[in-house]
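**Q** Each chain, letter by letter, is given below.
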Amino acid sequence: MSETEHATGGAGPEAAMAAGPAMAATPAADLLGRRSPEDRRRARRRAALRKYGAVLLLLSPWIIGFVVFTLTPMIISLYWSFTHYDMASTPRWVGLDNYRFMFGIGEIHGIKAADPYFWTAVKNTLWIIVFGVPLRVLFAMGTAMLLTRPKRGTNAYRTLFFMPSMAPKVAAALVFVYLLNPTTGPVNQLLGMIPGIHTPLWFYDPATSKPSLLVLGLWGVGDAIVIYLAGLLSVPRELYEAIAIEGANAWQRFRNVTLPLITPVIFFTIVMGVIDGFQYFDQAYVAGNAVSGGQTTVLGSPQNSLLFYGLYLYEWAFRNFAMGYASAMAWILFGATMTATAVLLLTSRRWVHYGGGS
Amino acid sequence: MRRPLLVIAVVAALGILVLAAGCGGSTSSSSPTPAASGTDKTPVTLTVWHPWTNPEKKVFETAIQGFTQKYPWIKLKVVGFPDSSTFDQQLIKAINAGNGPDVAISFAPDYVGQYAADGLLLDLQPYLTQDNIPADEFAAAARTYTSFKGKQVVLPVLADSYGLYYNKDLMAKAGITAPPKTMSELMADAKKLTVRNPDGSIKIAGFVPLEAWEELDPTDLARAWDGKYFDAQGQPQLSRDPAWANALTWQKQLVDWYGYDNILKFFSTYTASEFDANNAFQNGKVAMVFDGEWRTAFVKRYTPKLNYGTAPFPAADTMPQVYGVGRVSGTVAGIPRTAPHVGDSWLLVKYMATDTDFLVTLANGLGNVPTTKAAATSPDLTIMSPQFKTFIDVWNNPQSSYSPPLTASGAGYATLLLQFDDKWVAGKVPDLHLGLQQVDQQISNQLNLVAP
Amino acid sequence: MATTAASTPGAPRPAGSAPATGRRITRRPTPARVRFRRLLVSVGNHSVLVGVSIIFMVPIVFMILTALMTDRQALSTQLWPHPFVWSNFITVFQSIDLARYTWNTFVYAGLSTLGVVISCVPVAYAFSRITWRGRNLVFLLVLSTLMLPNQVVSVPLYVIWARTFHDLTGIQFIGTLKPLIIPNWFGDAFSIFLLRQFFMTIPKELCDSVRVDGGGHWQILRRVVIPLSKPAIMAVALFQFIYAWNDFYNPLVYVGESPTAQTLSLALSNFRGMHHVQWNLTMAATLIFMIPVVVIFFLAQRVFIEGVTLTGVKG
Chain F
1 MSETEHATGG AGPEAAMAAG PAMAATPAAD LLGRRSPEDR RRARRRAALR KYGAVLLLLS
61 PWIIGFVVFT LTPMIISLYW SFTHYDMAST PRWVGLDNYR FMFGIGEIHG IKAADPYFWT
121 AVKNTLWIIV FGVPLRVLFA MGTAMLLTRP KRGTNAYRTL FFMPSMAPKV AAALVFVYLL
181 NPTTGPVNQL LGMIPGIHTP LWFYDPATSK PSLLVLGLWG VGDAIVIYLA GLLSVPRELY
241 EAIAIEGANA WQRFRNVTLP LITPVIFFTI VMGVIDGFQY FDQAYVAGNA VSGGQTTVLG
301 SPQNSLLFYG LYLYEWAFRN FAMGYASAMA WILFGATMTA TAVLLLTSRR WVHYGGGS
Chain U
1001 MRRPLLVIAV VAALGILVLA AGCGGSTSSS SPTPAASGTD KTPVTLTVWH PWTNPEKKVF
1061 ETAIQGFTQK YPWIKLKVVG FPDSSTFDQQ LIKAINAGNG PDVAISFAPD YVGQYAADGL
1121 LLDLQPYLTQ DNIPADEFAA AARTYTSFKG KQVVLPVLAD SYGLYYNKDL MAKAGITAPP
1181 KTMSELMADA KKLTVRNPDG SIKIAGFVPL EAWEELDPTD LARAWDGKYF DAQGQPQLSR
1241 DPAWANALTW QKQLVDWYGY DNILKFFSTY TASEFDANNA FQNGKVAMVF DGEWRTAFVK
1301 RYTPKLNYGT APFPAADTMP QVYGVGRVSG TVAGIPRTAP HVGDSWLLVK YMATDTDFLV
1361 TLANGLGNVP TTKAAATSPD LTIMSPQFKT FIDVWNNPQS SYSPPLTASG AGYATLLLQF
1421 DDKWVAGKVP DLHLGLQQVD QQISNQLNLV AP
Chain D
2001 MATTAASTPG APRPAGSAPA TGRRITRRPT PARVRFRRLL VSVGNHSVLV GVSIIFMVPI
2061 VFMILTALMT DRQALSTQLW PHPFVWSNFI TVFQSIDLAR YTWNTFVYAG LSTLGVVISC
2121 VPVAYAFSRI TWRGRNLVFL LVLSTLMLPN QVVSVPLYVI WARTFHDLTG IQFIGTLKPL
2181 IIPNWFGDAF SIFLLRQFFM TIPKELCDSV RVDGGGHWQI LRRVVIPLSK PAIMAVALFQ
2241 FIYAWNDFYN PLVYVGESPT AQTLSLALSN FRGMHHVQWN LTMAATLIFM IPVVVIFFLA
2301 QRVFIEGVTL TGVKG
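Residue numbers (our numbering), protein chains in the order written: chain F, 1 to 358; chain U, 1001 to 1452; chain D, 2001 to 2315.
With the rest of the complex left out, here is chain F (with noise of 0.2 Å):
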């Protein structure tokens, strides 16, 4: 299907019927049914103008969406990261100066100018990538590896794992929030049966905030726990029978066969796990809500510690009305993920095998 065409040269017939449906009209053969090289290189145009209108045809919806719902979108953001912009008035161009707020660079006005919660939502975005991406990778490894064993029931196990992540964030949230509540919820009370347990105050207490989203995210791993029990049952049965001969005991299993094959699918949760935490927003938004003591004004609660990265911007965007600032930090949010994404990426040659199953 590949280069015939142009490999080839074009043998009139087949090149017609590579390119579509309309034969082209093709110029006079010679007695020999050849034709001269201008003919060919005509035909072989057009047959690769007609596909290539085929390809714009069929990429067109994307290329509009790309166009009008990403790339113009992009650009007017940048544009705006250099203005202050409150969307009732026209955007007013002040250069750097967002981005000097941002880090803390130079002064507005004579005072020293510095966003003052700005390195609390990197920090705090950072923290929920660090712990969450490699907790959930572990988790649902260990589930799944549990799951390949027994020979019946696995499904009715799947089912049950996999529910909850499809819960909506809003809604697990919500559920947490409750069942984590210091004195009333459950959580609580069965801990606080046991002597000699001090029961935290999970979302109230800015120390136990964060370790509380990460009891929430687990409760969401089914997904991924999914995705290991596919790639660990596509590990070749052969390869475990080749090193049982050898005498391995369980652990070279794993570490010799197992833990190769499944690079990929680690590779993936990993990126998608830092993607995703780059942008964490739901959880942390109704949590911060939650705790707040009603004012929802103040978002991150306690003392900041549930202000991520996305949920500061929200409050620069739509509640401070910055829009100019917001752009900067969505920049900036762009940036880091892009950089993250190089880095596994580079670094994911080194340990990563594409075995490419059989």
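Take these hints with a grain of salt, some might be off.
Quick list of in silico lysine-lysine cross-link-like pairs, DSSO-like style, CA-CA up to 30 Å [what the hints assert, rightly or not]:
1. U:Lys1423 <-> F:Lys123
2. U:Lys1057 <-> U:Lys1373
3. U:Lys1373 <-> U:Lys1389
4. F:Lys123 <-> U:Lys1252
5. U:Lys1168 <-> U:Lys1203
6. U:Lys1173 <-> U:Lys1149
7. U:Lys1075 <-> D:Lys2230
8. U:Lys1265 <-> F:Lys210
9. F:Lys112 <-> U:Lys1389
10. U:Lys1173 <-> U:Lys1389
11. U:Lys1057 <-> U:Lys1350
12. U:Lys1058 <-> U:Lys1041
13. U:Lys1191 <-> U:Lys1252
14. U:Lys1075 <-> U:Lys1057
15. U:Lys1149 <-> U:Lys1228
16. U:Lys1423 <-> U:Lys1203
17. U:Lys1265 <-> U:Lys1428
18. U:Lys1203 <-> U:Lys1373
19. D:Lys2204 <-> F:Lys51
20. U:Lys1058 <-> U:Lys1075
21. U:Lys1300 <-> U:Lys1203
22. U:Lys1168 <-> U:Lys1149
23. F:Lys112 <-> U:Lys1149
24. U:Lys1265 <-> F:Lys123
25. F:Lys112 <-> U:Lys1428
26. F:Lys210 <-> U:Lys1252
27. F:Lys210 <-> U:Lys1428
28. U:Lys1423 <-> F:Lys112
29. U:Lys1423 <-> F:Lys210
30. U:Lys1057 <-> U:Lys1077
31. D:Lys2178 <-> U:Lys1077
32. U:Lys1300 <-> U:Lys1191
33. F:Lys51 <-> D:Lys2178
34. U:Lys1168 <-> F:Lys123
35. U:Lys1252 <-> U:Lys1181
36. U:Lys1203 <-> F:Lys210
37. U:Lys1192 <-> U:Lys1389
38. U:Lys1350 <-> U:Lys1075
39. U:Lys1203 <-> U:Lys1181
40. U:Lys1181 <-> U:Lys1305
Simulated from the structure, these hints should not be mistaken for lab results.
Given chain F, put chains U and D in place with the hints provided.
**A** Then chains U and D, alone, in the frame of chain F:
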């Protein structure tokens, strides 16, 4: 062949960019002439946005029927917003998108400054003048939060004032005969009234000093020392006005006495119930609380047998002259600049702000303070009670003020102090003065950044 | 991807195997020790799995219990409803306009799913069944949009909907579901990726046979690709439906101010913001919110997991 693709893309993007950027910020013309008052009586439907939730929502909907009777050609589509604390932001976003209502009612004047500076709501002064409504129609305190830099963008529709509620039974049990008048007395009483469980946790709290607790705000504490947010030049002075340091120190002392973890745990148990039947004060779990006048209506509805009293919030020991001053606020109504039928919208706003029957019905149902003299002196008012009188007095006190002060950028800056206070009471701020200086700086920065 | 009855990785193989000759195979009976050990391991496995399952189900159980409590009891420390207030599920529909919000969410999820399927199939086809110069580069571009944070585009996009499109067409977009639905009719990177992976596995000969009969791309799509790709298309549709159903951020931005056009996830969040917070009703509303998702999952489990596998394992 890929080239044409790219060319098309870039051209399209630039084209849309030009369109989009050029469309930014269509400031509408100044307020239409007063001649556009609804004189043509053509049938029209007005959309009204408000943030009341049940049961208060039903009270409003019943009371507003008087308007439809008086102006039968106007139908009302009343839309309730469940989340009142983001109401203003949502309204601003909607008006900017051309999507606003005909009349908007907001619980708090936080953003009146922004409405005025950005021209999001119409200046109503021309209409007031045209309809001969005198300047003193509304109580003096109301005018401090309904206009900004000369633009009267909203009218008050009932008001709120704040003071101290105290549980008489619990006080009697602790041997306290009168409510505290000074901050030292408040602290001492709070300690006496607190009852602890055997394990040290709080069973009944005397007074919860956390800023996230119900209506309390650091500004209310600072008001006891006559604290002012901004100086004469409009610069924040939290670090220069000693009232703030005094207030925050007082606050932390009480928090430390409770034990931060204990009071936090107590907070987490009851914070969700501020506005329902399980309210901590109504159920005798908190002995004294800073709250608004509507609490009297809530008590009547949920726990009518509660033996309670009200008094102005205490003043600093060194400033007895401040006693009787309190925070005031109020529901406000205005007309978005995008409203198509300004004349009819004005009739509704005028009705809600000045019609005595409506105000009295609403006040009786909501338990709010009437904003016009006629309504306040009406014989049909049923809300008057010994407890309610405190709030009328606070309302009439000329020193009572609205906080946070109005700015052209709305009230977003006030969050900075709240965030600081949360850290302060948790013991995370080693140097209070330095911390307050930083907050001052942050507020200045934010106001500069957000200024159009 | 059904769990095969394959031998479990790591378990010792029984002795005896197929010989090269035609002798009859006799198996040595597995010694009791080995059998007992295997039973123990199996019981151990199951116990752990049951334990983990219970932990996973606990939040749902509590949701149901709380949804059946009275208002006061939901806020207390009691864990078991006394009495069982089944009527809560009806009260929820009366407290907020749950019926309308449910309808809105169905409209958003349904129409956006339709749009995704219709628009992504041709695009994925072009990336998989036709070879053209620059194909890989453009596909990379498509994939890179997956890494684009929502926030980079959401603010200007909001203004574009509010101003530009409004001025160009005179239609009011903000406060309606249109800005949520329309972009999905122009392709979605994740769905394109999924479909493309699947299309790549279709045998060339089938497509070529349509060519020989004189058919072009549309014929190939209609007669070969689409019929063969039903599982993948179903998976894409399901993913999109559930994504839209659960979507919180986009509705927050576009219909946050319209009490009539809101979707369920927004309504749920507003429930929490209301003054008159009632945990029991909130839980009941949450359960109602989750029901369609759970039902869909039960009905289409296999397709779901097949679809998930297609993306995850190939990486």
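**Q** Decide, hint by hint, whether the structure agrees.
**A** Hints versus structure:
no.	hint	verdict
1	U:Lys1423 <-> F:Lys123	holds (17 Å)
2	U:Lys1057 <-> U:Lys1373	holds (25 Å)
3	U:Lys1373 <-> U:Lys1389	holds (15 Å)
4	F:Lys123 <-> U:Lys1252	holds (28 Å)
5	U:Lys1168 <-> U:Lys1203	holds (18 Å)
6	U:Lys1173 <-> U:Lys1149	violated (51 Å)
7	U:Lys1075 <-> D:Lys2230	violated (52 Å)
8	U:Lys1265 <-> F:Lys210	holds (18 Å)
9	F:Lys112 <-> U:Lys1389	violated (48 Å)
10	U:Lys1173 <-> U:Lys1389	holds (25 Å)
11	U:Lys1057 <-> U:Lys1350	holds (20 Å)
12	U:Lys1058 <-> U:Lys1041	holds (28 Å)
13	U:Lys1191 <-> U:Lys1252	holds (14 Å)
14	U:Lys1075 <-> U:Lys1057	holds (18 Å)
15	U:Lys1149 <-> U:Lys1228	holds (19 Å)
16	U:Lys1423 <-> U:Lys1203	holds (25 Å)
17	U:Lys1265 <-> U:Lys1428	holds (18 Å)
18	U:Lys1203 <-> U:Lys1373	violated (44 Å)
19	D:Lys2204 <-> F:Lys51	holds (17 Å)
20	U:Lys1058 <-> U:Lys1075	holds (17 Å)
21	U:Lys1300 <-> U:Lys1203	holds (24 Å)
22	U:Lys1168 <-> U:Lys1149	violated (44 Å)
23	F:Lys112 <-> U:Lys1149	holds (28 Å)
24	U:Lys1265 <-> F:Lys123	holds (26 Å)
25	F:Lys112 <-> U:Lys1428	holds (23 Å)
26	F:Lys210 <-> U:Lys1252	holds (25 Å)
27	F:Lys210 <-> U:Lys1428	holds (18 Å)
28	U:Lys1423 <-> F:Lys112	holds (22 Å)
29	U:Lys1423 <-> F:Lys210	holds (17 Å)
30	U:Lys1057 <-> U:Lys1077	holds (13 Å)
31	D:Lys2178 <-> U:Lys1077	holds (23 Å)
32	U:Lys1300 <-> U:Lys1191	holds (28 Å)
33	F:Lys51 <-> D:Lys2178	violated (34 Å)
34	U:Lys1168 <-> F:Lys123	violated (48 Å)
35	U:Lys1252 <-> U:Lys1181	holds (20 Å)
36	U:Lys1203 <-> F:Lys210	holds (28 Å)
37	U:Lys1192 <-> U:Lys1389	holds (27 Å)
38	U:Lys1350 <-> U:Lys1075	holds (16 Å)
39	U:Lys1203 <-> U:Lys1181	holds (25 Å)
40	U:Lys1181 <-> U:Lys1305	holds (25 Å)
Of the numbered hints stated above, those contradicted by the structure are hints 6, 7, 9, 18, 22, 33, 34, listed in ascending order.
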